[in-house]
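Spelled out, the chains give:
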Amino acid sequence: MKNPLDSLGQTVLIGFILAAVAHLLISAFSA
Amino acid sequence: MLVTHIWWEFAFRWLHIISGVMWIGLLWYFNFVQTPSMPKIPDEQKPAISKVIAPTALFWFRWGAMATIITGLILAGMSGYLLSAIKLGIGDHVGKNTAIGLGMWLGAIMWFNVWFIIWPNQKKALGIVQVAPEEKPKAARLAMLASRFNTMFSIPMLWMMVIQQNRGGAIF
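In the order they appear, the protein sequences are chains B and W. Residues in the first sequence are numbered from 0 upward in steps of one, following numbering that gives the first Met the number 0. Residues in the second sequence are numbered from 0 upward in steps of one, following numbering that gives the first Met the number 0.
Among these hints, one or two may not hold up.
Keeping only pairs whose Cα atoms sit at most 25 Å apart, straight-line, the calculated DMTMM-like set for lysine to aspartate or glutamate is [as the list claims (entries may be wrong)]:
(1) K86(W) - E8(W)
(2) K123(W) - E133(W)
(3) K123(W) - E8(W)
(4) K137(W) - E8(W)
(5) K122(W) - E134(W)
(6) K137(W) - D5(B)
(7) K45(W) - E133(W)
(8) K1(B) - E134(W)
(9) K122(W) - E8(W)
(10) K50(W) - D5(B)
(11) K137(W) - D42(W)
(12) K135(W) - D5(B)
(13) K123(W) - D5(B)
(14) K135(W) - E8(W)
(15) K39(W) - D5(B)
(16) K1(B) - E133(W)
(17) K122(W) - D42(W)
(18) K122(W) - D5(B)
(19) K45(W) - D5(B)
Honestly, the hints are just simulated from the structure, not real lab data.
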């Protein structure tokens, strides 16, 4: 399987997904 | 003008941000400009990048990272959330401390990557230290992947850093 980090687009997309997931988790647990 | 605590805090926040711009700006230069452009550059012109531009960019890149983490830790200490952030705000129920703490941990991992993976391997790849010829491509690959990893982490890291400042983290 190709390493997703070989693609700059996939690298940035994964970064955004990580940010969104972390944000939702913090929102859920700090309420 | 009286130089109060709040002015020192501002000074360190400003230093932290300009150091971070130097660091992440060069990280994105490597990933968005230099690496994708290398295959398009004729072989006889490649030394301009590998012998001149990349070593200079790497100097400001790694010392930008160092200045960013030092000023960031001082800033967090001065602002009173360093320990809460290190433990990700767990037990404190302060969402903004969890956010800045996560940003700090992501930044710390990125700093470690710069100094202990990217820079040592770039030194081998660029010929700054002498290694066996078969080691060079391996070192270049490892440095590239660590740099890409940092680019990936830079997105949530900056999200968490900025959101903590956004109306005092009131979004949480």
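Hints breached by this structure: 3, 4, 9, 14
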